[in-house]
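Sequence order for the protein chains is A and B. Residue 432 in this note's numbering is what sits at position 432 of the first sequence, and the numbering runs on without skipping anything. Numbering-wise, this note's numbering comes out as the position in the second sequence, counting from 1, plus 1000.
If you're looking for bench data, these hints aren't it; they were derived computationally from the structure. Don't take every hint at face value.
[As the list claims (entries may be wrong)] Covered by chain A, per the in silico footprint, the following chain B stretches (three or more residues, Cβ under 8 Å):
1) 1019-1027
2) 1058-1067
3) 1086-1095
4) 1174-1186
Cβ coordinates follow ideal geometry from the N, Cα and C atoms, glycine included.
There are 2 protein chains.
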Amino acid sequence: MEEESLIERFDKILTSAKIYEYGKYPVKGCGIWLPYGFEIRQRVIEIIREVLYKTGHKEVLLPMLIPKDMLEKEAKHIAGFLEQVYWVTKGGTTKLDIELALRPTSETAMTYVFKDRISSYRDLPLKVFQIVSIFRYETEATRPMIRVREVTTFKEAFTFHESREDALLQFEEAYNAYKEIFDRLGIPYITPERPAWDRFPGAEITVTFDTILPDGKTLQIGSVHYLGQSFSKVFDAKFMKKNGEYDWLYMLSYGISERAVASLIIHYADDTGAILLPSIAPIQIVIVPIYYEYNKAEISKYANEIKEILEIAGYKVILDDDPDKTPGEKFYEWERAGIPIRIEVGPKELKERKVTIATRLRNKSVIELDALFKSLKSALIEMETKLREKIRNEMFSRIERVKKVSDLENIINSGKVAMFNICSNEECGMHVEESVKGTRFIGYDAKQRIKGFCIVCSKETEKIGYLAKKY
Amino acid sequence: MEEESLIERFDKILTSAKIYEYGKYPVKGCGIWLPYGFEIRQRVIEIIREVLYKTGHKEVLLPMLIPKDMLEKEAKHIAGFLEQVYWVTKGGTTKLDIELALRPTSETAMTYVFKDRISSYRDLPLKVFQIVSIFRYETEATRPMIRVREVTTFKEAFTFHESREDALLQFEEAYNAYKEIFDRLGIPYITPERPAWDRFPGAEITVTFDTILPDGKTLQIGSVHYLGQSFSKVFDAKFMKKNGEYDWLYMLSYGISERAVASLIIHYADDTGAILLPSIAPIQIVIVPIYYEYNKAEISKYANEIKEILEIAGYKVILDDDPDKTPGEKFYEWERAGIPIRIEVGPKELKERKVTIATRLRNKSVIELDALFKSLKSALIEMETKLREKIRNEMFSRIERVKKVSDLENIINSGKVAMFNICSNEECGMHVEESVKGTRFIGYDAKQRIKGFCIVCSKETEKIGYLAKKY
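The following block holds chain A by itself, in its conformation from the complex:
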């Protein structure tokens, strides 16, 4: 699948499922979360929060405006962002004394705020996060949810530690927390460690979570950075150690953007529309009554009865009794929205005390009302398991092991990500990247080790690298 057709399909789904409106609002790169999309987004946020809370992260909220001199304090940092920052220069008709940036990311503000709240090792570790809008003045072509100017759903965590060792232990915890989050969301991923020449400004180690979309391009959905003391030194953020000496704080930052929501929708969709995992769907079941005027009352009553018992059982259910739409229109609408289960109740079902269950994967069966719970439960579990496995397999089938540099181009052009042994030399990484136009050497797998020989210099190495086209 080509990028254009993938994005077009994605955009169509966002529109037809009423998830997100894009391209109409007169500020480029800004989308609108419609009610149904907002619920999906909330579900994603809920899972992120659950995992971060249980691992001891505390939620905070910092100002959106960052003064220019604060942002500039970390010179490496600002260099990477300068051309992408929106600046507030006026309040009313008054020119501001100092220009204010719309938060592009919060390393500087977080360091500034928390350095005064940490005096000694007793206050450490400190682990905070916020879920906020960040802004990038993107000069490239924008894409709904994927490359926007206002990222409305950016989860950014910051942790402060007393030593490099503690920070690196936290790196592992953050990595595992992200694994849990993306696993629960059903988004498959690879986790390359970025090469030194392609890291987040200010970071000493960067591991990203990348998912491979159906067009074979990778989409970065999360990242974990070990910042060392780079930010704490410029802000002189010191603390007293156990031995009474002072040192600068060791820091991590890690983020997940609304690309997570985008990839969720892109991976699972089919040609009809969105498909939502039962565990993610804000609404699991839609009941569509099928009636004529003469039997409307009876069938509505039966449909409502079913709705009530399903709600008592804890399902999120809607009963679509819109009189202005035909059952067929409703079927189509809810299919496009990706609701996992549709229950149809008509005269036949009423008479026999049965219901028709249709899954979003187009399995249809008529069952006794008495068997409803059991059937629903197994239908939902089956759907959840099958879908997760299918998407996981599909994504990993987009990775192809490559042994020779000369094979890279064909693999990439066939819509895949290339995986190969590679040593840690920058020259070798750059060489593969330059060997296929439009690709990036996205890094060394953070966990996987396979014995072999560097694809470029043939040196023995256990490192695995990835070459891909990127979003």
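Given chain A's structure and the hints, the job is docking chain B onto it.
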């Protein structure tokens, strides 16, 4: 209580209870929600959402940036805001073609977005809301949470209707929803209908929710506006009526700001610190173990046992076993944070299988472990009821019925809000306002009617008005 001392005390509580940091961040009028404050804020948001969801409002999220020409479309609207809008003028080093406002409020953007999503009466009513940051370039002195430049917790609802009648029914629903929200939050209020000369720009009817703080000044915590067709006309937002004709949409907007959180804290606090209603507190119970080295293990075990059974019972509990603090320091810290209940467990309690319960209102009792649930439940209910009643009575005792204009000054200067019969003539309203320096005629009670005579012109009237100093 004077304004300065009230705000100073409020600020001290925010700091000592670690709710909100203010005045340190280098952008004036921007505060930081610390973890504990964030939890209180979330609790407030949760209640707002619950009430709005159950009354059929759908949550959405619109872009934060509003282009200047969109904001200017409603001339009356912008006139009221022009001097208070922050403008983004640059992206990187590039001057933007059109300046972008940081959302001061969303009437224009909401009308623009939803006019295309409403084609006929079948799409109506449409009721949406969002919880977002809004920005005001305040030129007056700023106050933590109360008068800030970034209001981080602004709930704004917008509804669209097919007739004035429907919109006015919704006005009543919105009013009742707000009553429920503030009642659940335990914030007492009066609900004046703003006089015509002091309304939100673009509104035809405005009713506000104002609470009276201990210094006798009113703080507006919510507002409901009937916008009529003022916004739909400038955006040409039309829909097809049942009879096939077209008309402009009838609209409402209503908002609640983070002043709700501020008033919650201000009303209930005492000289020691915050006091949180059990139903609002993110943590209801703190357990403080009291031990020496020799009995630490046993007492910790007992404390943990109590924590577990309380958590199973659904209480939100923390066990403060910080080894670096004395029990006395912990008592003081959690008192200032306003946690409703403290449970102390020391050697005596352990030996007798008892616990000591101390409420934030300083009632202390020693009870059998077996009686824990019952005692806790009644302690929490009593606290909840007493506190709510106390705050309600205190607030209403700050309103004084006045019969003569010449009495207004004394009443206001004694730290009260004056209430009086007044007719609907603008001259009479202006007259009372001008009779005491620094006051506002905040309007006519939206519900209460009492037979009497206008305080100014002596005309017979059932209307009740309020004169107050305002935040």
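Is the coverage entry for the segment 1086-1095 of chain B by chain A consistent with the three-residue Cβ rule at 8 Å?
holds (count 9)
Has the segment 1019-1027 of chain B got at least three residues whose CB is nearer than 8 Å to a CB belonging to chain A?
As far as the segment 1019-1027 of chain B goes, the hint holds, because 5 residues have Cβ atoms under 8 Å from chain A.
Using a Cβ cutoff of 8 Å, are there at least 3 residues of the segment 1058-1067 of chain B near chain A, or does the coverage claim fail?
holds (count 10)
For the segment 1174-1186 of chain B, do three or more residues have a beta carbon lying closer than 8 Å to a beta carbon of chain A?
With 0 residues closer than 8 Å to chain A, the segment 1174-1186 of chain B misses the three-residue bar; violated.
Comparing the model with each earlier hint shows a violation of hint 4 alone; every other hint is respected.
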